[in-house]
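Student: One letter stands for each residue in the lines below.
Protein chains: 2
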Amino acid sequence: MDSDFGIPRELSDHQKQRSLYQPELPPCLQGTAVRVEFGDATTVVDPTDAHTISRYFPRTYGQPLAHFLRETAKVHDAQIIAEHPAIRVGVLFSGRQSPGGHNVIWGLHSALQIHNPNNVLLGFLGGTEGLFAQKTLEITDDILSTYKNQGGYDLLGRTKDQIRTTEQVSAALATCKILKLDGLVIIGGVTSNTDAAQLAETFAEAKCQTKVVGVPVTLNGDLKNQFVETDVGFDTTCKVNSQLISNVCTDALSAEKYYYFIRLMGRRASHVSLECTLQSHPNMVILGEEVTASKLTLFDLTKQICDAVQARAERDKYHGVVLLPEGLIESIPEVYALLQEIHGLHRQGVSVDNISSQLSPWASALFEFLPPFIKKQLLLHPESDDSAQLSQIETEKLLAYLVEMEMNKRLKEGAYKGKKFNAICHFFGYQARGSLPSKFDCDYAYVLGHICYHILAVGLNGYMATVTNLKSPVNKWRCGAAPFTAMMTVKRYSRGPSALSIGKPAIHPATVDLRGKAYELLRQNATRFLMEDIYRNPGPLQFDGPGADAKAVSLCVEDQDYMGRIKELQEYLNKVRSIVKPGCPQDVLKAALSAMASVTDILSVMSMPSNSSRTLL
Amino acid sequence: MDSDFGIPRELSDHQKQRSLYQPELPPCLQGTAVRVEFGDATTVVDPTDAHTISRYFPRTYGQPLAHFLRETAKVHDAQIIAEHPAIRVGVLFSGRQSPGGHNVIWGLHSALQIHNPNNVLLGFLGGTEGLFAQKTLEITDDILSTYKNQGGYDLLGRTKDQIRTTEQVSAALATCKILKLDGLVIIGGVTSNTDAAQLAETFAEAKCQTKVVGVPVTLNGDLKNQFVETDVGFDTTCKVNSQLISNVCTDALSAEKYYYFIRLMGRRASHVSLECTLQSHPNMVILGEEVTASKLTLFDLTKQICDAVQARAERDKYHGVVLLPEGLIESIPEVYALLQEIHGLHRQGVSVDNISSQLSPWASALFEFLPPFIKKQLLLHPESDDSAQLSQIETEKLLAYLVEMEMNKRLKEGAYKGKKFNAICHFFGYQARGSLPSKFDCDYAYVLGHICYHILAVGLNGYMATVTNLKSPVNKWRCGAAPFTAMMTVKRYSRGPSALSIGKPAIHPATVDLRGKAYELLRQNATRFLMEDIYRNPGPLQFDGPGADAKAVSLCVEDQDYMGRIKELQEYLNKVRSIVKPGCPQDVLKAALSAMASVTDILSVMSMPSNSSRTLL
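First to last, the protein sequences are chains A and B. Sequence positions in the first sequence follow the working numbering and run 31 to 647. Sequence positions in the second sequence follow the working numbering and run 31 to 647.
Simulated from the structure, these hints should not be mistaken for lab results. Check the hints yourself; a few may be wrong.
Remember, identical chains collapse to one label, so a pair may be satisfied in a single copy or spanning two.
Under the rule of at most 20 Å between Cα atoms (straight-line distance), these lysine to aspartate or glutamate pairs were calculated in the EDC-like manner [unchecked claim]: (1) Lys439 with Glu344; (2) Lys449 with Glu413; (3) Lys190 with Glu286; (4) Lys190 with Asp346; (5) Lys405 with Glu424; (6) Lys450 with Asp383.
Just so you know, these numbers come straight off a predicted model, no measurement behind them.
Looking at chain A on its own, in the form it has when it is part of the complex (with noise of 0.2 Å):
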């Protein structure tokens, strides 16, 4: 199959139109030559860690954040990159796939081409696994022709992703010696862009002239930090999904009768089920994040939609939707425990057969309590990282069974009046994956690839390219690069799959922050959502006309730009300096120590350990 990648294929004259399109680039990226500024050295979010991140990551800690600027931006300190020696580089997805991917490609190889025509980019087939074996596509504009705005891994596919054994890294090693790369771009998300950290810090130690640079492309959009805003591929996901849940919402209205309940992919943060919620205003998102931080049993939950479906009833209304992300299984306590049983009894060679029975009392309890399907889903091998499978567990259709049950019991009893419930169920999943790329998407992942050539230009080794300001319009972007190192965390204890990276540095999925402005946005309508059947339908994915340049709504509320704001605090210090000189009136002194004692004081205090778990963004 190897030999079919790359290879021009059939495009519908849709698809050919969008290969068309080609993607702007931010005022900074124009031109051929470009200036770096470095900010100050980076530290992490949470002080605490600092100690262990620095000693795991000796040689790639603590550099600085990196700011890319147009030829003639007047910044005094930043270095004109203008000399472009002909340099080779490598590119790989890794991970799950997600809309955009190939965009990262083509702006990597128009930047390579652009600055030098010397310049080589080698794709690695098959994901790690093509790294591995040196597996490689030469990268030209004719290979891309067909695969410009296109959706897919498909140019060069992917595997298991995973670089982390010593035998995978030094496989790794030896392609990138053997290949002579000054540059590997790993595409993927937090666990591929954490294998990327790794990899930058032994290439250091092994003195390998390859830089290892990461892109954040995740459906997910669980890769987010003071640095990221968001990742390529999750605008159009959301926009596909909320077209599909905004048509079932329809449907809902149109024949009156049925609730559905659809599951959204999203494992570990509900990002995707938040989005699509302020897109569709479906009538109830039940966010993994909401379970977790108020505990809520599955009798909890049962018990908050049957008391959502009986107060709609009293209005008459018998049909309704709700959404939830796939990873909501393992975020309810007692399932949770009883899935970590499991989990334990399979590694210790159980057979599925025999594991209900070697179940502890409660949770046999539990256990049996479950209709045969899901006990059947529960009981599936976990997946590498040791969580649940969870794309194959119907939490929808487990809770439509409970529900059910309830409301039926409720009537029985008198205490609901209604007529029948009935529900629907539905995994939005793969669908939305390979579809066609937004145009942000396209454009993001484009700029994206540019910001790779020029952190590699610059020799920057174990940095992520970023954009910030992503909510204004391309001429408004900031293009920058960050090490891996300033957006890692270290978990202390942990509850769940993630166990295993207890106390390793790592970049961990950023979970929807419940005291974000998307989430209160969500709060402040949840029972008009609920109540008042006022769907909305943002229509399918448009390229051109209305609608085409629509962004993600938490991406617009949410206060980001974090990049700005080191900079705009950088001017304020500059000023400072440059008005309280050696010199200057007494009183303007005086005045200058007491406002700095007093913010100095105010921001130690806040950055005390102590305070460390406070949310990110």
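Following the hints, complete the assembly by docking chain B onto the known chain A.
Tutor: Same frame as chain A, but now just chain B:
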């Protein structure tokens, strides 16, 4: 909930933009006066049915076709409708919602307003139940404003939607009399239009002034005959599903480890599956009609798919996409027979728990062979028309399960040497139904709405509004009306759910024509689709720019325009008459006689009852 119908609602920007779209009218419907030309009296496609149909429908059988022409058209005996006294019209949605339904109402309302501002349009709330209970909403421009070009049926809602029993027909008659309706427009598929035909006959018999008009709106696309080329909603449904199928194809090709089995809507006919295949080029499709024609068993189907999987594995391909319609399960002969036994036992009042023990030995053997989830689904109560609950039966999972078992067996026996077979199953049903309608469906529905008005203005009863030459641009569309009875057939034998209708004339669903051009196109490409992964992504539904004017592939390749040809024939006959007038040379008369004798001979032979089973299109 009734009070919620027709209320203005919050639209997304994209919905708002769509609500401003104004569909075009073909030239014949522009202006305030329209010419109507009547064709010859109609017959039916199978001459042996004519007697039965005329007996059931003495007052509405044999009515002529009507063609609507522009006022200036030079047709000698076409009548100009210039007077437009005020009329009162009722309209209702009947049956499953289909994208575009709202535009029929808009088109009708717009035509009513243009021709006499005193015209009144009443919408029945909740489908046929609203008709029986006289629950109406007066349609105004204000009310329509947020429903123009929008999906769903939520302006008026729908319910069970049947007008068949004596009580139901009497209630409908009473309503039409009380509300003094001049016309009743029924928006729906084959069943609803058959009900409409019955209503028209009953109204005529009862000397009720209300004329009944039908509109072909069903996303299954199975209301198809000489006069009806496609149905409102089919285009949108196929486009939305094709997008999702293409996304899954891209996904399959990127990950290269899964076979996706996708079940699509489509009960007795597989039009949606065929059209989606022509749009997306998945590896395989199994049409119910093929299975019926070749009497393929579950074993045959499993073998067919396994052989395909094996052939692909030999080319190192371990992924693929297989489509099937929800009606497939009833096309498989032995499963069908099993379902008939189960439904028979249901009718005898046997409880679900006891059914399996009362099956015949061979049915029991098949039943026991099936996996538990399918057993449970097959045991569900049949629907009111005696068909299985197709949306609940996961045929895609059954096939995936059987293929996996067989592949594992082949692997064990050494007959297959590839990687383990992995399947992921999807049902794409309700996601498409509530979509914003495509431009084509918006236009088609709007024009049909206008035609309904003209049918009523001419005073016709028992007609369906028709538009032909749909594959051409709107300005080439031909508008007309055909009597319901001309679309009827009589089933003399029937395996299956439609057994109830034996001997009674009805508009039956048209199945995929295995000798038609669309199917031929599929067959020509089947091997390439299977082996070469020439996946094609038509992209998301577009309303602007490229792709917005794309039409269904099957609509474009089929050689339809029956109405156009009927008119052309008439022109030939008229020409013969005008050339061969008394006084013409003997030679000319002789040549005409000889040619006409041969034409009539050929046609007589072709029209003999024994040939009646040939295809319609």
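Student: Next step is simple, just say for each hint if it's right about the structure.
Tutor: So, going through the hints one by one against the coordinates:
1. Taking identical chains as interchangeable, the C-alpha atoms of Lys439 and Glu344 lie at most 20 Å apart only when both belong to the same chain, with a minimum of 17 Å there against 55 Å between chains.
2. Taking the shortest alpha-carbon separations for Lys449 and Glu413, only the inter-copy value of 19 Å comes in at or below 20 Å, while the best intra-copy value is 41 Å.
3. In this homomeric assembly, Lys190 and Glu286 come within 20 Å of each other (Cα to Cα) only across copies, at 11 Å, whereas the closest approach inside a single copy is 44 Å.
4. In this assembly of identical chains, the alpha carbons of Lys190 and Asp346 lie at most 20 Å apart only when taken from different copies (17 Å versus 50 Å within one copy).
5. Both within a single protomer and between protomers do Lys405 and Glu424 lie at most 20 Å apart by alpha-carbon distance, with minima of 10 Å and 19 Å respectively.
6. When the C-alpha separation of Lys450 and Asp383 is checked against a cutoff of 20 Å, the pair qualifies neither within a copy, at 36 Å, nor between copies, at 22 Å.
Hint 6 from the earlier list is the only one contradicted by this structure; the remaining hints agree with it.
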